Structures are given as C-alpha cells and as structure tokens.
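2 protein chains.
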Amino acid sequence: MQYYLDGFTPGDPDVKPPASGLDRNTSKARGIPQEVDVLIAGCGPAGLCLAAQLAGFPQISTMIVDPKQGPMEKGQADGVNVRSMEMFQAFGFAEKVKREAYWVNQTAFWKPNPARPDHIQRVGIAQDVADDQSEMPHTILNQARVHQLFLDVMKNAPTRLEPHYGLRVQNVAIEPDNSDHPVTVTLDKVTEDGSAGKTVTVRANYVVGCDGARSTVRRAIGGKLHGDAAHQAWGVMDILANSDFPDLRRKCLIQSAKEGNLLIIPREGGFLFRMYVELDKLNPDERVSNRNIVAADIIAAANRIMSPYTIDVKEVVWWSVYEIGHRLTDKFDDVPADQIAHRTPRVFTAGDACHTHSPKAGQGMNVSMGDTFNLGWKLAHVLTGRSDPELLHSYSAERRLEAKRLIETDHKWARIMSAPPGQSELDGSEMPRFQKQFIENLEFTGGLAVRYEPSRIIAKAAQQPLATGQIVGKRFHSAPVLRLADAKPMQLGHAAEADGRWRIYAFAGQDDDGTAGGAIHRLCAYLDSDPASPVRRYTRADEDLDALIDLRAIFQQDFKALNFGDMPSLLRPAKGRYGLRDFEKIFCTDLKLGQDIYTMRGIDRRRGCMIVVRPDQYVAHILPLDGFAALSNFFDGVFKPQDEQ
Amino acid sequence: MQYYLDGFTPGDPDVKPPASGLDRNTSKARGIPQEVDVLIAGCGPAGLCLAAQLAGFPQISTMIVDPKQGPMEKGQADGVNVRSMEMFQAFGFAEKVKREAYWVNQTAFWKPNPARPDHIQRVGIAQDVADDQSEMPHTILNQARVHQLFLDVMKNAPTRLEPHYGLRVQNVAIEPDNSDHPVTVTLDKVTEDGSAGKTVTVRANYVVGCDGARSTVRRAIGGKLHGDAAHQAWGVMDILANSDFPDLRRKCLIQSAKEGNLLIIPREGGFLFRMYVELDKLNPDERVSNRNIVAADIIAAANRIMSPYTIDVKEVVWWSVYEIGHRLTDKFDDVPADQIAHRTPRVFTAGDACHTHSPKAGQGMNVSMGDTFNLGWKLAHVLTGRSDPELLHSYSAERRLEAKRLIETDHKWARIMSAPPGQSELDGSEMPRFQKQFIENLEFTGGLAVRYEPSRIIAKAAQQPLATGQIVGKRFHSAPVLRLADAKPMQLGHAAEADGRWRIYAFAGQDDDGTAGGAIHRLCAYLDSDPASPVRRYTRADEDLDALIDLRAIFQQDFKALNFGDMPSLLRPAKGRYGLRDFEKIFCTDLKLGQDIYTMRGIDRRRGCMIVVRPDQYVAHILPLDGFAALSNFFDGVFKPQDEQ
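In the order they appear, the protein sequences are chains S and F. All residue numbers for the first sequence refer to the numbering used here, where the first residue is 4 and numbers rise by one. All residue numbers for the second sequence refer to the numbering used here, where the first residue is 4 and numbers rise by one.
Simulated from the structure, these hints should not be mistaken for lab results. All figures in this text were calculated on a predicted structure; none of them were measured in a lab. Don't take each hint at face value.
It does not matter which identical chain is meant; a pair holds if it fits inside one copy or across any two.
Stated by the list, open to error - Calculated pairs, DSS-like style, for lysine-lysine (alpha carbon to alpha carbon, straight line, at most 25 Å): (1) Lys158 with Lys101; (2) Lys19 with Lys578; (3) Lys77 with Lys19; (4) Lys491 with Lys99; (5) Lys578 with Lys317; (6) Lys77 with Lys158.
Next comes chain S alone, as it looks inside the complex (with noise of 0.2 Å):
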C-alpha cells in the first residue's frame, strides 16, 4: 500500500488524512443534511459496499440510513465467494477476511446409503475453488463482520463517512425537469422500540435503495418483483453443538431418502456451524408464518436427515424459517426502457430491493455487494464531473442480465437438489447428478462467470487472441508478478484499490526492456504527450498523472535484466504536493515458482497487448500496444471532453 505520499503523518495508514474541511461530510455528529449528492438507504452489504467506495471521495456528499438503531450483530448471509474476496482486496480488507474467516476448501456430497437407505453416507468430494480460478479463497463470514468492514473502511476514509442510524425511508419522489437535487426523501425517525417518529426530508442528487425485499425506494420508482411464488420452507440455523458426523468442518449438501435435505456450512472461528434445513413444502396459499415452526423443530428435522449421525446442539446463536421466491424487478432504476433516450437515472435500486433468490448458493451478499461496486464508480464518475449522467443507465442493463442468470441458475440448482436420487447414482455406478450439477456452478458461484455485455464501457472482444486468459467483459484475472523497483512477488490484480480509477495493463512484447525505441516507450510517449491522448485530455491540470487512467506494465524479462532508470517518464512519475518519483508502476515475470504471468494469462508473447481495465475491475478493452487511436476512441465515449466537465 501507498501512502505519506504528502507527507508523514503517524498512525495507522489505513486510518487516511482527514478531508480539508469536513463541511460536505454528513456524518451522524453533524446531524441530518438538507442536501446529499447520494442518498443510500439501507446498511446492509449492498448499501455498505456502496457507501465504501463513495467515502473515499470528498468531493461527494454521501448520507446512509437505516432503520435499525446501530449495526447489525448476526445473522443472515455469510458466503463471501472469490469475486467478492477480489473485491475486498481492493477495499483493504480480504487478508483481514481470509484471517478470520472459514475457508471453503471441499465441499463433500451425502445421500442415502442404497443397502439402508435411512441412513446417509459420503458419496463424493469436490475442491470448491479450481486451481488459479482466483488467487483468493472461497469464504465464510457473518454478514455482521463484513458490515463492519465496510463500516472500518467508510470511518478511514477522507470523509469520515459514518450512517445515520434510526431513519427509515418513508417516500421519495422526484422531479424530473430539476437537475439540482431533484430527488425528495421523507425519512421517518424511527425511535428505539422500533416504531416511527418525527418526519425529516432530504434533497439528493441520487438515491439508492438497498433496503431489501421489501423495498421502500424500489415502491416509490414503481418497480415489483416478478417471478414464482415461494411454497419451499427453509429454517437457517447458526449452531455451536457437539456430533459424530465427521465432516463437520466441510460445507456438506446431504440428500436424505425421505426427510429433505440439508446443507451444512462451516463458520469462522473454528465450532460455529450454519444448518440449511428444508422444511415441509407449504401449500400455495400458505405463509412460512401460518406453521409456528420453531428452533426445535428444525433440529429435529437436521437430526433426521443426518441419521445414523446425530448434532447434540449446545447453543442456537441465530436461526430463522423462511421462503424463497425467485424474483427480479424489470428496471433496476427509475428510468422506464421506453424512456432511456430521454432521461437519465435519479433512484436505484441494488440487492434484494430488485432481485432475490435462494441462500443455497450462497450468493446473496455477493452479487448485493457486486451490484454497488458496478454503481458506485459510475456515479462517482457523474458527479465529479468526469463522465454524463447517461453513463448511469449501464447499471441496469448489467446488472439486472447477471441477476437474471443467477435466478435462472438458481432456479435449476433448486430442481436438483430436490429431485430425487436416481439409480445410477443410488448404486455408485455415475457421480451423483447434485455433485455434478455443482461443479458445473463453481464458475457461477463464484462469481467469476459473471461478463458485461459490449457497450460504451465494454468494448467488442475483436482482440481477444491476445490475452486469452483476460476475457473481455469478465474480471481482470490476477497472477504473480515481481514489481521491478523493490523485487517485491505480488499479485499483480491487487495494484488495484477501489478508488474509482481505470487502469492500463501494459504487457511488453518480445525483447522489450522498456527503453526507447521499443512499443512500451512508444506508448508511454503518446499517453503522456499526444493530443489525443486519454490521460492527457481527461486528468485535470490539478491533478497527478494516474489520477484517473493508472498505466502499470509488465514485461517478460528477469528483475536483473530490466533498468528501473531506463523505464519512460510516466512509468515513473512524480506525484504528490512534493513531486515524488511513484516507484509501483513496472512488474516483469516472478519465475520462481514457475508461475509466468504471460503463460497463465494467454498474453502473446510477441506482441503483448494492453488491457483496460474498469474501476470495478473488469475488462474493458484489449489492444496491440500500437492501438492509440482505438484506446483514445473507447476513452472518449466513457469520459467528457475536459472543458466541459
């Protein structure tokens, strides 16, 4: 991590400088704000993640409510998947995560035993993240832990970002032909026993509803949740207890022959588990409330399902019955698809606000999570002037296509884990079809299948043979490298933060050393100085060079054969009220381990290639080192010519 960039300030360097003059700040000391730039309603992992990565940004007023009196304790989602970890390596924090948290190494599949089928019995195993699928691993964390982390982020960052407890969204309305906070909030103060209390308004630029499925925001825009009904029963339970079942400490998916299936998920700190038990089907017109199902009852259906093995439970830390529908809203903004060429969003809606699914894949905080990091730099970019308001309806449009895969993959994972076991599977002769099924979705749950469609901000993969193993509209795929000044072995993924900037790979072709003459030179040279380019036309006077577009470069030679001295000006620029020399920009190939960044990535060796990549990490644009004016033009359509920002 960088930092003391402008001098040193003592401390705890994830603790970052106070914003000069707090007075945009709307943290909760400072009382309710008539105006916010973005106005964020709810403080679950979708809210919070968005709230992170606005935080960093003093130049936008960000206020976040919730109706609950303070932070969440326990409770509710808990899988945090590869793509999310990738995420919070960005924010700071997957290390503190990985510390922590359980890891999902194998996932071990149970059915029952064809020669006494009451009684279950180990029938598969599989390895949950595929060798280099990410360098991070799949985990398991209480959604209260990650809310924190967020929150740990929001308070560190520049402005000091802190939410506003007990208000809870009662209306919003907007104005369409206002372009200055056009956007009404009525916030009730909701006092400690939970009912409502004076009335406030707030005037936002923009309003994102994160407050669940049943969403006040996604109401007051018109949107409704389509899809099935829910007639599934589920009870979640976290645990600690005692049992002879030995794979207690492996996520489990147990198919019993008469009493359902459950769904064991190990938790962090080494004894905790989560129990998934699926309960009775309800009838169509029944509520998971009209059963009166208590905590016993599903330990007593856990206890059935597991025969011969039993869970003797010491202490319920948290548990819930619920249904599961599969639904999704039409827009996930206020916008109707008939009106887009006319009108730019105001109110969003992120989460289970627009979409919901089953928890048995264990993706609900991650695509929340994956919904706000896809808003939050476009909104970033719009309001700091860099980029227009019409960049805002790329929201919608890819997030609500990866919602609806992940409920149509859901929708066929729910059909097979409760179908009932076949022959072929019963006597050995086949894997079973759930462990298949399974292993098909590793990709999806987690959470790297997920790839934006071509658009302004996602160019046509026409180059795609040069990096095979960077898809365009996919994330950016990390792999070690070595940084050329300090020899430091990294990831070369994790050179990004969440700090709204695009960034440049450049991978150096065959032989290039990085000295004139050669296409890194060359294009050092047209970023830094041509006309046209990108980082010359959109970074502010004011600003340093990478402010906005962050170039880094890779090349194939050993850390010996390269000279830091030699490298281009803007592979090394001066930054920072001192002008100091930036020293993280050049990685080349960490052989050590065998491991070659240009091998696993499918890079041509070459001609290497450039790869843009977005603020929320995804791959943009892949092109020949020499393909200025392409880079310049793809450019031009995400940000806004400098004199009219």
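Chain S is already provided as a structure; the job is to place chain F on it using the hints.
Below, chain F alone, put in the same frame as chain S:
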C-alpha cells in the same frame, strides 16, 4: 484462528472476551496499584512484547510504565527480521505488518567506479531471504507502528492491559528474604514538561527493565555495560526525497572512495526512506553532542557519498546523530553468577538495557523483542505455579549468549564495512567483501541463527537425525501442510500462538493413518491416560486437555486417504464449557505445489518423530514416537509436580 468456543460474542474476534472481574487489572483508568506480579519499565519493543504476552494471562497482574506521556509517533528502529515476523504471526499481527511494511527482497551493493573513483556504481545484488528460509518476508516498519500493534494486542487481551504513561522508574529495591512482592519500585510521576513530580511506590514480584541504554533498573541491580567505547558517529534520517539514484526502493549498502558509507533502507508506504550516513570518526574523548551536527550536514554527506547521484530532500520526518558502542552487561538479572544456586532472579533487564550495538545490521528491535519473548512464558509458568522459579535463571543464560554473538557479528561487520575496498573488488574479479559478508550474515540477521544450549528446557540433540531440518535449540521451522478436517492449506507453524503453551508436533511414520495399532494412536493413548503422561500430570482438572501441552499430528497421506472419525480422541479433544470438539489438531501433507513437509524438514519418513516446541517457538526436543519415558522425563524437568502447583 479459533473463537466462540465458549459461546458466540459479536464483534471483532481479535478483541478477546474480557476476563471475569478485572479486579487484578492494572490499566490506567484504575490508578496506580500497590502491588503487581510484574512491573515492566519501558514501552519500547522489549517492554511491549513482554506486556503483550503477559496480557493474555488473567491470573497475572502486569503493569507497564513509561516516562513519556503517550505512545511513540516516529523514529528509531525499523527493521523486522523474519524471525520477528514469525513471532508477530503468533501474536496475530503478521498479516497486518506484511500489508503495511516495506519488504526487503533484494539488497544492492555499490562501490566506487575504478575508472572514476568519485562516482559509485552498483557491483552486486543479493537475495535477502533465502528460499524456504522462512515463510515470512524481511520487513521494514517504523518502531512506532510495531508498538501500536503490541498495544492493540494488550488492549484487546482478556486483561485489557494499557500502559501507565508519565511514570519513570527512580529506584528498585529487593528484599531477598521476602517471597511476597519483594521488589519495591519507586516511580517519579513525570509531568507534561518532562520534569519529575510526585513519587509513588509499587511492590512487585518481578521487575523487568526494558528502559533502554541508560536503564535505571540495570543500575539499581548493579549491572554495568562493558565493551568498547564509541568513536564512530552516524547520522540517521527518515526522509521524503527525490533522487536519480535508481535503487531507491532497494536496501543499499554504498561505499564511497573517500566520503564514507551510506545505507539506504526503503520504508513503508512506497515513498519514505531511511539513510544511515557514516560521519567522521570521533576523537577518543569526544562526544557526538560536541559536534553540532545538523540535518543539513547529514544530507550533504549523503550527497557526497552518492555522487554522481543526488538526493533532493522534500521532508525530513525524523533524524538523529549517535555514536555506537558495543556493550553488554555481565548478567541480565539480579543474581550474580556465584549465587545462582542460592537465589532466583527477581529483576531482569532486556533490550538496550543490557546490550547495545550498531543499528546497521537492523537487529536492535528484533533482539530486544527476542529477549522478552524468551522471558515472557517463563514468568508466566512461574507466576501461574507451573514451574519453579529456578526456571528464570535460563533467561539470562540463553539471551546473554545470543547478545554476545550479536555483538561479535556486529563488530566483524563494522570492520568490513569500514575497510577500504581491495583491488580485486574494484576490478570486479571478486565479489566485494561486504557483499560476501552480508550474505554470510543472512541467517544471523534474519534472526535464525539463535540456538539455545542444552538445559532443562533444551534437550541434548541425540535424535536429531529424525528431523534434520528442525534443529534442537533453534526455532521450529514452519512448512506448508493441509488441515485434515477442512482441507485448509496453511503453515504448520501458524498453529502456534503466543499463549505460553508447549506444542508437540507428532509426525506419523509411513502407512500410519492414525488408526488403532499405529504409533500415533499409541502415543495419544499414552498421553491421554498413562499416569506418567505429562498431559495428565501437569494439566489441571479444570483446564482443557491442551491448555498446557498442545499436541498436533501430521500424516504423510493425502487428506482423502485419512478419516477424521478414526483419529485418536486426544487429537479431537472436547473443549470449553460446551465440550465442543477441536477440529484443528490434525494435518497432512499438501502436495499441490510439490511441497512435502517431510522432505522439506528432513523428517524420517519410515519412523516419523515427535518434535517438542517451547512456547517461544524453539525446538526443545526431538524424540521417536515411542519415546514416552524420555518425553515424560523432559517435562518433569520443566514443570513442578501438580500437587506442588
């Protein structure tokens, strides 16, 4: 990390549940106590490392004082060698340091250019941490941050220990015939302006002087520093600066032809770096303070040495000029050599209070922490009634020898650094002497050459061939393994925490899969139920089975070939108030990256072995798996019989 054993508690798991009734707590809010078990003088690395260790024991009351009014903000030591990083891992903050700190990967060597001796040129580069020397990097991080990380451990420990700032030790008096708090410490209250205020006294069972080279505690027990006087002045400076010197982000040793020597130590954050500049030799009766050296003198000297390169200093964060002495006290405690048989120590010194040396090898902070990591568990053993007080003699015996080795190595290194370059070095026909010596020193400077002599807590190395890569008396060398229950890839050494417990790593022989009849099973049966078993003899009735001796087993097979349910019960102990099973005792080889712990550490594959490791991570004994009597005998030398405890 393991938590929630005794029930779920919300929040950060690094914040341990508070000890019940913190009445013996001595944190500042509670005023100055009249009596404590341990009084630590000085909040430097030695003092804080000891306090962090003792803070984990609610039975022990600890007080740590410092004349300053609050924690250090900058300056002084910054090198953290791999051994200290391994220790930080046991304290739980190695990952944090890895994230924040500069990593010393390669060190560059610069000499005069023979063709133009007033210009320096790079003559070599050396890998700083040899492959597989440690799983940790060598890092550089300001002492102030290291302090804070220890302070966090203390504050989050069950005792919620915090320093008493503004108290200076004025005198220490021992009543040798008293066994109840026999040490009376007189403390001056230091006011904000540094002047002494009111005096208070505290009675302690033990006092540890970590109060620096001018230690009051050392003087009170009649300790004198012996060694050579210092006639070499060095300037040290932390700066933000620009330079055309290409190796600014590598540790550099620079010898100029006529202007002296310079060390460059890049620092955390990517911009800051430290310079050690050799200034003129002092006359025998001259002190640095006579010279009136100012920051500009150091910068000018650095520029002369680095010619033709220059540095343009933008901010001087901290600087100092000092002279180096190599000095050592006769004993690190209050018991003269001729009285060891008759008295046990009550007062100790650690760190600079008992040994001083040059900062050039980056050892100061590391050796100081090493002192008190050695002392901490011994004090805990004695104060909790596990061991007799004679154990405390081993502190001075073990650490003084190490300090002596350090001073000898440092002497040799200083001579080589100061010697003018020879002809064979200048013409490049031979590796420069300082590079050769630097490489030779690496095991030492990494903190890995420490080897304690045989004693009651270090056995004779009769069975060394059973584990040729785990040397009796040296630190336990970690390697990758897979944890059986959850198939988590991890470092075996990271099973150890800084909690004062002993560990036995039992490596299974070929074909042993933990089932009945195998050597591991027999060992567990012995430890579990034999009257002579140290686990049975020394663990108290109200404690978990692993409270004192923590047994771990490692198998040669792949995790799929082993069955958790078949393992001996001692490897799956029921713990805590619920009797929950501990799943984290059993490991197997992790062959994915071709890293087999048996091969890497020279473990006898056929026979396997037991490796007994002390609470400070040093290998105390290596035994065959059936060496029951020898194992029991060894622990009989460490612990008191239970009826005497």
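Against the structure, the hints come out as follows:
1. Taking CA atoms no more than 25 Å apart as the test, Lys158 paired with Lys101 passes in both settings, with 22 Å inside one copy and 23 Å between copies.
2. Proximity of Lys19 and Lys578 under a CA criterion of 25 Å is satisfied intra-copy only: 17 Å inside one chain copy versus 42 Å between copies.
3. Taking the shortest alpha-carbon separations for Lys77 and Lys19, only the inter-copy value of 17 Å comes in at or below 25 Å, while the best intra-copy value is 28 Å.
4. In this assembly of identical chains, Lys491 and Lys99 lie within 25 Å of each other by CA distance both inside one copy and across copies; the values are 21 Å within and 17 Å between.
5. Proximity of Lys578 and Lys317 under a CA criterion of 25 Å is satisfied inter-copy only: 13 Å between copies versus 57 Å inside one chain copy.
6. In this assembly of identical chains, the alpha carbons of Lys77 and Lys158 lie at most 25 Å apart whether taken from the same copy (21 Å) or from different copies (24 Å).
Hint compliance for this structure: no hint is broken.
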